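Enquirer: For reference, the chains in residue letters:
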Amino acid sequence: AQSVTQLDSQVPVFEEAPVELRCNYSSSVSVYLFWYVQYPNQGLQLLLKYLSGSTLVKGINGFEAEFNKSQTSFHLRKPSVHISDTAEYFCAVSTPLQGAQKLVFGQGTRLTINP
Amino acid sequence: EPEVTQTPSHQVTQMGQEVILRCVPISNHLYFYWYRQILGQKVEFLVSFYNNEISEKSEIFDDQFSVERPDGSNFTLKIRSTKLEDSAMYFCASTNTGTGETYEQYFGPGTRLTVT
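Going down the list, the sequences are from chains A and B. Taken in order, the first sequence gives residues 1 to 115; the numbers are from our numbering. Taken in order, the second sequence gives residues 1001 to 1116; the numbers are from our numbering.
In short, the hints are calculated from the structure, not lab data. Not one of these hints is a red herring.
List of simulated lysine to any residue pairs, SDA-like, C-alpha gap at most 25 Å:
1) Lys1057(B) with Ser28(A)
2) Lys49(A) with Met1089(B)
3) Lys1042(B) with Arg22(A)
4) Lys1042(B) with Ser9(A)
5) Lys49(A) with Thr86(A)
6) Lys69(A) with Pro96(A)
7) Lys1042(B) with Ile1054(B)
8) Lys1042(B) with Gly59(A)
9) Lys69(A) with Lys1042(B)
10) Lys1042(B) with Asn41(A)
11) Lys1078(B) with Val1019(B)
12) Lys1057(B) with Gln45(A)
13) Lys58(A) with Arg110(A)
If you want a taste of the chain B side facing chain A, the calculated C-beta under 8 Å gives, among others:
14) Tyr1033
15) Val1043
16) Ser1048
17) Tyr1103
18) Glu1104
19) Gln1105
20) Phe1107
21) Gly1108
22) Pro1109
23) Gly1110
Computed from a predicted structure; not experimentally measured. We put the CB at the ideal spot given by N, CA and C, even for glycine.
Input sequences plus hints: build the corresponding full structure.
Expert: Below you can see the structure in the form of structure tokens.
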């Protein structure tokens, strides 16, 4: 079974500052990794994903994440945040097996951008 | 751009009543999912559905829950006798393949279920 831990439930950051949202996972098999964003009163939108290949993946809205297999981490980063980045961010894992593979989510990190 | 839609956006029901939450997945997608998010908690998997049958279900998905794809477009979640603890946001998701190149699950906007 897989599990995901997002160590920070809330992260306040000033506008134009860099941010890192931490995600660690546990799995006995190889994984696919995802970051989803949830804006207020909206559904989940995919920011980026790691399936294989380069460990540094770039996503939408200037976000990127790095897969570190030895540390079982997939931290999300952005060099300069905007007010519009205020949202809840969810890290999730799935397994590269045939079939309808479920996503297992972390607890979420609420990112608040202060002017 | 194609999207997953869900109706209603908000459903209020009394304890013990049956509710049906409706979803229209993206038209060429083959795999369908329901997740729920209790207020302030993480998103939890409920059930996955492929080829007109359940692929996997979680411990949450007990006999009170059922899913159906009654026609070529809708995907429904039924709760037969709602309990207070069923109050949550329910998300539908779909994807075109389980082992595909994109592997992205597309989520609907959710239905907020309030059981009183």
